[in-house]
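Asks: Chain by chain, the residues run as shown.
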Amino acid sequence: MDQNRRNFLAQTGKFIMLTGAAAVAWDSILAGTPERASNYKLTDHWWAMTIDVDRCIGSGNCVRACKQENDVLNEPGNFRTWVERYQVRTDDPDHPVVDSPNGGYDGFEPITNLAEGTKVFFVPKMCNHCAHSPCTQVCPVGATFESPDGVVLVDKKRCLGCRYCVQACPYGCRFIDPRTNTVDKCNLCYHRITRGLTTACTEVCPTGARRLADLKDPNDPVHEFLRTHKVHVLKPQMATGSKCYYNGLDGSVR
Amino acid sequence: MDRGNRHYGHVLRVAGLFLFGFVAFVIVRQVLVPPDFNLDGYGFFRAGALDEIAARPIAYAGQATCVECHSDVQDTRAKGAHAPLHCEACHGALAKHADDPENVKPATLNPRRLCLTCHAKMAGKYDGFPQVEAKEHAGDDACTSCHNPHHPMDGMGG
Amino acid sequence: MHGVEGYIYPNEVELQWSVLIVLYPFLTGLVAGAFILASLERVFNVKAVRPTYRLALLTALAFLLVAPLPLQMHLGHPERSFEMYLTPHRESAMAMFGFVYLWYLMAVLVLEIWFDFRKDLVRTWKESGGLKKKFYGLLSLWSDDVSPEALRLDDRLGRILTIVGIPSAFLLHGYVGFIFGSVKANPWWSTPLMPVVFLFSAIVSGIALVLLLYMALCRIRKVAIDMACVDTIASYLFYAFLVDFSLEMLDLVHRLYEADESLKALDFMVHTRLFVSQIVLQIVVGTLVPIGLLALTQVVRLREPIRRGMYVSAGLLTLLGIFAMRWNVVIGGQLFSKSFLGYTTYKMGFATREGLLPALVIMVLPFVFLAVLLRIFPTWPGEREEAHAGATEAARA
Chain B
3 MDQNRRNFLA
13 QTGKFIMLTG
23 AAAVAWDSIL
33 AGTPERASNY
43 KLTDHWWAMT
53 IDVDRCIGSG
63 NCVRACKQEN
73 DVLNEPGNFR
83 TWVERYQVRT
93 DDPDHPVVDS
103 PNGGYDGFEP
113 ITNLAEGTKV
123 FFVPKMCNHC
133 AHSPCTQVCP
143 VGATFESPDG
153 VVLVDKKRCL
163 GCRYCVQACP
173 YGCRFIDPRT
183 NTVDKCNLCY
193 HRITRGLTTA
203 CTEVCPTGAR
213 RLADLKDPND
223 PVHEFLRTHK
233 VHVLKPQMAT
243 GSKCYYNGLD
253 GSVR
Chain V
5 MDRGNRHYGH
15 VLRVAGLFLF
25 GFVAFVIVRQ
35 VLVPPDFNLD
45 GYGFFRAGAL
55 DEIAARPIAY
65 AGQATCVECH
75 SDVQDTRAKG
85 AHAPLHCEAC
95 HGALAKHADD
105 PENVKPATLN
115 PRRLCLTCHA
125 KMAGKYDGFP
135 QVEAKEHAGD
145 DACTSCHNPH
155 HPMDGMGG
Chain U
1350 MHGVEGYIYP
1360 NEVELQWSVL
1370 IVLYPFLTGL
1380 VAGAFILASL
1390 ERVFNVKAVR
1400 PTYRLALLTA
1410 LAFLLVAPLP
1420 LQMHLGHPER
1430 SFEMYLTPHR
1440 ESAMAMFGFV
1450 YLWYLMAVLV
1460 LEIWFDFRKD
1470 LVRTWKESGG
1480 LKKKFYGLLS
1490 LWSDDVSPEA
1500 LRLDDRLGRI
1510 LTIVGIPSAF
1520 LLHGYVGFIF
1530 GSVKANPWWS
1540 TPLMPVVFLF
1550 SAIVSGIALV
1560 LLLYMALCRI
1570 RKVAIDMACV
1580 DTIASYLFYA
1590 FLVDFSLEML
1600 DLVHRLYEAD
1610 ESLKALDFMV
1620 HTRLFVSQIV
1630 LQIVVGTLVP
1640 IGLLALTQVV
1650 RLREPIRRGM
1660 YVSAGLLTLL
1670 GIFAMRWNVV
1680 IGGQLFSKSF
1690 LGYTTYKMGF
1700 ATREGLLPAL
1710 VIMVLPFVFL
1720 AVLLRIFPTW
1730 PGEREEAHAG
1740 ATEAARA
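Just so you know, the protein sequences line up as chains B, V and U, in that order. The working numbering applies: residue 3 is where the first sequence begins, and numbers increase by one. The working numbering applies: residue 5 is where the second sequence begins, and numbers increase by one. The working numbering applies: residue 1350 is where the third sequence begins, and numbers increase by one.
Looking at chain B on its own, in the form it has when it is part of the complex (with noise of 0.2 Å):
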């Protein structure tokens, strides 16, 4: 074969490869860009929640609907979100006697023997979708992390079930699925908020006490609620930059 030739096939031949294999590239490039359910843009959103204790009533309508929307198991430690009831005596604000029977599934039996002068009130809990998250910076292999809308969300496909984000967490709010030993937690009803609906616990709060929120959203009540009442986190001193925004915390409240 002649030197033109030979030439010639070889050049051919590395551009075949070449662009065989940049298609290739490309494809699995293309592949990896994910859809947004179709007008949801990822940054136009921050996620957060607004919790009034003044107007939760402990009816425990939360907590059912979060199991029934996220089909969380009705087994003791599988919560996304729980109510505790909190007696305080006013004479020994320290001790509070807390108590969450099945997380306020069934809601809460009127309490027998109330001493006198003892302040009860209920609070919800849930995934505070920190901003500083510390359980997402335990994460080994990246399988729970923050998205940019600011919904702290669980890889269920890369966990490995090493439980270092359930330690991490200060508010408890993470536990193992049994059934796919990976961890699980309130997501923020993560498919639904995508989907312009708003939360399973907002949608069934009866006294609005619970409320969805998004920072981003100039619209949103959550401003001037903000604005207008003294607004308090959850163990602030961890400085986990919770999204949780609660009216009303008492300082006994753990």
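If you are wondering where the hints come from, they were derived from the structure by calculation, not from laboratory data. There may be inaccurate statements among the hints.
[As the list claims (entries may be wrong)] The calculated lysine-lysine pairs, modelled on DSBU-like cross-linking and capped at a C-alpha distance of 35 Å, are:
#, chain 1, residue 1, chain 2, residue 2
1, B, 232, U, 1533
2, B, 237, U, 1613
3, U, 1696, B, 69
4, V, 139, B, 121
5, B, 237, U, 1533
6, B, 69, V, 125
7, B, 218, V, 139
8, U, 1396, U, 1481
9, V, 100, B, 158
10, U, 1481, B, 121
11, B, 218, V, 83
12, U, 1696, B, 159
13, V, 100, B, 121
14, B, 69, U, 1533
15, B, 232, V, 125
16, B, 159, V, 125
17, V, 125, B, 237
18, B, 158, U, 1696
19, V, 109, B, 158
20, B, 69, V, 83
21, B, 121, U, 1533
22, V, 100, B, 43
23, U, 1396, B, 218
24, V, 83, B, 232
25, B, 69, B, 159
With chain B fixed as given, assemble chains V and U onto it according to the hints.
Replies: Frame of chain B, contents of chains V and U only:
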């Protein structure tokens, strides 16, 4: 190292072994790391997870959906104390019903159990929240024998 | 709720990290400690401990090989554990530890063992036949250069590796301490002292282990125990223990003094559920008694059999005490609720995936590995030369 020491062949072998291991690791990594991992604008996670999580079917339809068919109930409710509640707070998760209203019907509700979930007298509810001692208030009667759940105080002077 | 006192968050009903996670720092601690002892001879020229040099290296390897096993058995998805090498999250201490482990195993321990044992491996390769020949050929990487220059090179490289290995061993176990110490959500764990305490208790446990193993193996081989060696090791154990104990007491006293909110819960814990494992087992039986025994041997001249008995007792109690320390950190840190309003109990299964039975098996396995390694690698100084000389003698006769 001694100048002129040629006796390092075995060192080269073990170094070669380590190099081979390293290269093998790099290649395996290229193959196994998902292509949508750690993308710009996302973060240190698999971007496809967002879609997977968002793809979950919903159980609660949301009030806006209920009102599409049941606007008359909404008009009634808007006048009463239960206006701030959403339908499914009492009626349960009804996305399936909204998708197929003919064949999937909402469950029948038990007033004593349902209404008392919120309205049973108990410490911890805020001042002014309507709560009753059930037996005292209504004996064994169902709440709905006097109250219209969509307009609870209708005809009761309030 | 059964076993619960006060209020715990609803998701805290079961402990997240079990006895297997207690075993992991215990095993890696033994590795770091054994290596530090080996490095005493190699880098600091403490000739007295030479008899234990190779034993310490092989002990470290045996325990390091078993160390990932409790982790794998604990993971919800052990088949995904390789993800830690594929997509390690750089902010996660656990992810970075995967690389520290790999570095230590391959670049330090395996390489150092290879360079140190190489001439014996080559000799066995050349002197044996059949499958054994092939095996030792592989171990030698088919290089038979045992010239004085090559051996000098080996020695120098081994020395460099040991020097590199000391901070690596510090990193290996310090990191484990950091995995706990950096969790701000858990006040029992969260302290900058944690990596340091872990490291020194590791050194103590490793030294005690090699001491015990050496004495036991001398018994098994029906060889006299080199008392100079053992006395030296015991003195190092003593001083390391003093430092370790001081650090742990510093941590405890500091907490008691500052008496912040977390202590209101923790103090209770020490007095109730953890009392036996913390005060009795860890502090008294596992620390004060061995320190006392060792101190006695340092100040009073005792006869050899008495000294040996005291070293064995001290060594065993030390291992018990360091295990108790790991238990008190890992399990103890999970017995109180993050609400600081209640406590729970640890219910350890028996024949479950994370129960007592697998824990016991994992504890025994490193000794099995060590037995195998001792067969493969000639450990005792002069052993191979003796055997070789004996064979030549027999051939000549």
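Asks: Quick check: which numbered hints come out false for this structure?
Replies: Those not satisfied are hints 7, 10, 13, 16, 23.
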